[in-house]
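Based on the hints, put chain B in the right spot on chain A.
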Amino acid sequence: MICPDAPVLLEIRDLQAAVDDQPILKGVNLTIRAGEIHAVMGRNGSGKSTLSKVLAGHPAYTVTGGSVHYRGDDLLDLAPEQRARIGLFLGFQYPVEIPGVSNLEFLRVATNARRSEGGLEELDTFAFEDLVRERLEVVKMDPAFLERSVNEGFSGGEKKRNEILQMALLEPLVAILDETDSGLDIDALRIVAGGVNQLASPENATLLITHYQRLLDLITPDYVHVMAAGRILRSGGRELALELERTGYDWVDQELERFAAEGQQTGRAPLEVG
Amino acid sequence: MSTATVGDLVSQPYKYGFVTDIETDKIAKGLDEDVVRLISAKKSEPPFLLNFRLKAFRQWQQMREPDWAQLGYPAIDYQDMVYYAAPRQQAKKASLDEVDPKLLETFEKLGIPLSEQKRLSNVAVDAVFDSVSIATTFREQLAEHGVIFCSISEAVKEHPDLIEKYLGTVVPGNDNFFAALNSAVFSDGSFVFIPKGVACPMELSTYFRINSGDTGQFERTLIVAEEGASVSYLEGCTAPMFDTNQLHAAVVELVALDDATIKYSTVQNWYAGDENGVGGIYNFVTKRGQCRGDRSKISWTQVETGSAITWKYPSCVLQGEDSVGEFYSVALTNNRQQADTGTKMVHVGPRTRSTIVSKGISAGHSSNSYRGLVQIGPKAQGARNYSQCDSMLIGDQAAANTYPYIRCQQPDAAIEHEASTCRISADQLFYLQSRGIGFEEAVSMMVSGFCRDVFNQLPLEFAAEADKLLALKLEGSVG
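As given, the protein sequences belong to chains A and B, one line each in that order. Under numbering that gives the first Met the number 0, the first residue of the first sequence carries the number 0, and numbering increases by one thereafter. Under numbering that gives the first Met the number 0, the first residue of the second sequence carries the number 0, and numbering increases by one thereafter.
A few of these clues could be false.
[Stated by the list, open to error] Here's a subset of chain A near chain B, in silico, CB distances under 10 Å, partners left out:
(1) Pro79
(2) Gln81
(3) Phe91
(4) Pro94
(5) Pro98
(6) Glu104
(7) Ala109
(8) Thr110
(9) Asn111
(10) Arg113
(11) Glu116
(12) Val149
[Claimed, not checked] Here chain A is said to cover these stretches of chain B; the calculated rule only asks that three of the stretch's residues, wherever they fall, bring their Cβ under 8 Å from a Cβ of chain A:
(13) 428 to 436
(14) 443 to 454
[Unchecked claim] Across the chosen pairs, the derived CB separations fall in these ranges:
(15) Thr61/A x Asn400/B: 33 to 43 Å
(16) Asp216/A x Ile405/B: 53 to 63 Å
(17) Arg422/B x Gly235/A: 37 to 47 Å
(18) Ile185/A x Ala418/B: 33 to 43 Å
(19) Thr61/A x Gln387/B: 39 to 49 Å
Keep in mind the hints are simulated off the structure, nothing from the lab. For glycine and all other residues, C-beta sits at the position ideal for the given N, C-alpha and C.
Pulled out of the complex, with its shape left as it was, chain A reads as follows:
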């Protein structure tokens, strides 16, 4: 849903970031308003995943320039846990296994951390149990997964469902889903995409990071951005994703060469969105 008058949730300006002194993001600009679904596409190494990790506050990445504002406040100042508590969510491409930590307990602690930040009372084990059983429906997940350790021994599809379950419980305002479609068979993909669609509302926004059109067949983006070499090279509507599907990424290389020839250093995308 394109909502030019809706409040801005995330405002990324000229964001630059490095890992191990190696610059990865070289000036990313992106504005996300409530109610919108954005898709960021691009090849491996274009900086898509780095963008998601920098937004979530991964300690391995250093922000070297630019700014990110979340509902008007500086996001980059906050610890990762604080970003989560105020409503930013990152769905991981490779969710880690945490042996010994019960999934149910983990979900409860996380949910309560978010709730108390929002001034809601914390849920006890019984109240939480009711909530989690209701939200399991969103991803059609077997309650048996609650009794296991976080992601331990889960298949790729189960891990991704567990990510969407967390999203359903935390009710983020901005959900960034990093390659949520990778490693999923078509049935799992439908369930995960169905969950994301169900959770999308006029109050929140979703940022999908993906390689492929197939996820976008199931979740219709309002905006599509193509990343290359640490920048957003081009932005458009969903037809851009379809064009990519048709023509591949070769034009991206040509465009990059053209940029280099023009000596463009600002990193501004040719087309601004928002």
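Leaving out everything else, chain B in the frame of chain A:
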């Protein structure tokens, strides 16, 4: 943004490090036969006990301090310490109201309220301060069930026959260097006797507090469960912070007759020394249980978080047919702490079974070794053992070692050993953080998850305590 590393997290101030200012009756430093006689005389002991002490002392003089453990420490000067110290007060008080308020206050500060109105409702406590027991709660109520729970000194006076019958029968006076030393100079400790067919109606607990700076602590605990009896016992330990090292060499003996069950849990939180390894307790402890009777069961659960040096192998001798031994251990080392700990399961009788679950967590520059022996004798047909040894490393300066020894003389036995090593990874922490869980809580969730199998074995009242203790140990200066 949080810049703390896991390494920063694992240091916390030791909150039990205070010294109680109380007048003590101390003997002069040094150890010879006269000191052994003096200790025995101070406690007005019967001749059999003095003989036990003297025999052990003479054997100790012939023995060498063991050096096979993965531990490094400067030589201990056994002549440079005090072997007996007691708060100066008359014989043990009949009523708690007469106990020196400073002592009551000390235990209050340690979270062990002894006064009537504040007692833990279902736990009887024996409080040992330096070398003597100062109070035992719920004695009368226990006596109604025939359960004897008192200090070992009192037991020597009131039940000398039981002491003579059982003392030194599980850990002989010459068992090893530290056990021999303890047998010669032991001061106090707890005695528990559960008569035939009685299930002890409440948890029993002894709380050991070292107060003096230059005093060795040598307590001796003896627990006997007669046929069909059962008991759950917990010990806790703390000590003030000194920049010198104090020696703690205890002996614990457990005897389980036919169908008896003894569950022995320890939450050890002696002072561990500072971050440079200055000060702290040297903990050289011999703990052994004997499943003498058929179908008897002895279970050790330990949570080891303190001490500069830990040398400790709570063991089970499985003599009775179908007897069961268990060992569940969490050992956390940080800074310069060194721990060499594990168990021995000696299968003598047929169809004996043992389970070992050991969880070692090493942080800072510490060293944490598991050392365990599973021995299956020629008569132990159908014996079974399962061992699981897991190590968790925090930071990149800590060491974890596993030394399992298996000796099997019975072709029919089944022995399983599993071991793993893991590390708390930055990605796991980030994952939890990205769900709104703070850094410290994330570490503590992972550590207590790692220890869950062991914590589940602790008496309910103390499982939460142990969880909290580990969390405290891992609490630090997160900015």
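Hints versus structure:
1. With a cut of 10 Å, the hint placing Pro79/A at the interface with chain B holds, because the nearest CB-to-CB distance is about 4 Å.
2. With its C-beta approaching chain B no nearer than about 8 Å, Gln81/A sits inside the 10 Å limit, and its interface hint holds.
3. A hinted interface residue such as Phe91/A counts as satisfied when its beta carbon comes closer than 10 Å to some beta carbon of chain B; here the least separation is about 7 Å, so the hint holds.
4. Below 10 Å, beta-carbon pairs count as interface contacts, and Pro94/A has one with chain B at about 7 Å; its hint therefore holds.
5. Evaluation of the Pro98/A hint against chain B yields a held restraint, the C-beta minimum of about 7 Å falling below 10 Å.
6. Interface hint status for Glu104/A: upheld, as the beta-carbon distance to the closest one in chain B is roughly 8 Å, under 10 Å.
7. At its closest, the beta carbon of Ala109/A sits 4 Å from a beta carbon of chain B; the interface hint therefore holds under the 10 Å criterion.
8. At a threshold of 10 Å, the smallest CB-CB gap from Thr110/A to chain B is about 8 Å, leaving the interface hint in force.
9. At its closest, the beta carbon of Asn111/A sits 8 Å from a beta carbon of chain B; the interface hint therefore holds under the 10 Å criterion.
10. Hint on Arg113/A holds. Least Cβ distance to chain B is approximately 5 Å, under the 10 Å limit.
11. With a cut of 10 Å, the hint placing Glu116/A at the interface with chain B holds, because the nearest CB-to-CB distance is about 7 Å.
12. Checking Val149/A against chain B: minimum C-beta separation of about 8 Å stays under 10 Å; hint holds.
13. A stretch counts as covered by a chain when three or more of its residues have a beta carbon under 8 Å from one of that chain; for the region 428 to 436 of chain B and chain A the count is 8, and the coverage holds.
14. For a cut-off of 8 Å, the count of residues in the region 443 to 454 of chain B with a CB near a CB of chain A stands at 7, and the three-residue condition holds.
15. In this structure the hint that Thr61/A and Asn400/B lie 33 to 43 Å apart at CB holds, the actual value being about 37 Å.
16. Checked against the hint of 53 to 63 Å, the C-beta distance between Asp216/A and Ile405/B comes to roughly 59 Å, which is consistent with it.
17. Judged by the Cβ atoms, the range 37 to 47 Å given for Arg422/B and Gly235/A holds: they are separated by roughly 45 Å.
18. Distance hint for Ile185/A and Ala418/B: a CB-CB separation of about 41 Å, consistent with the stated range 33 to 43 Å.
19. Restraint check, Thr61/A to Gln387/B: a C-beta distance of roughly 41 Å satisfies the suggested window 39 to 49 Å.
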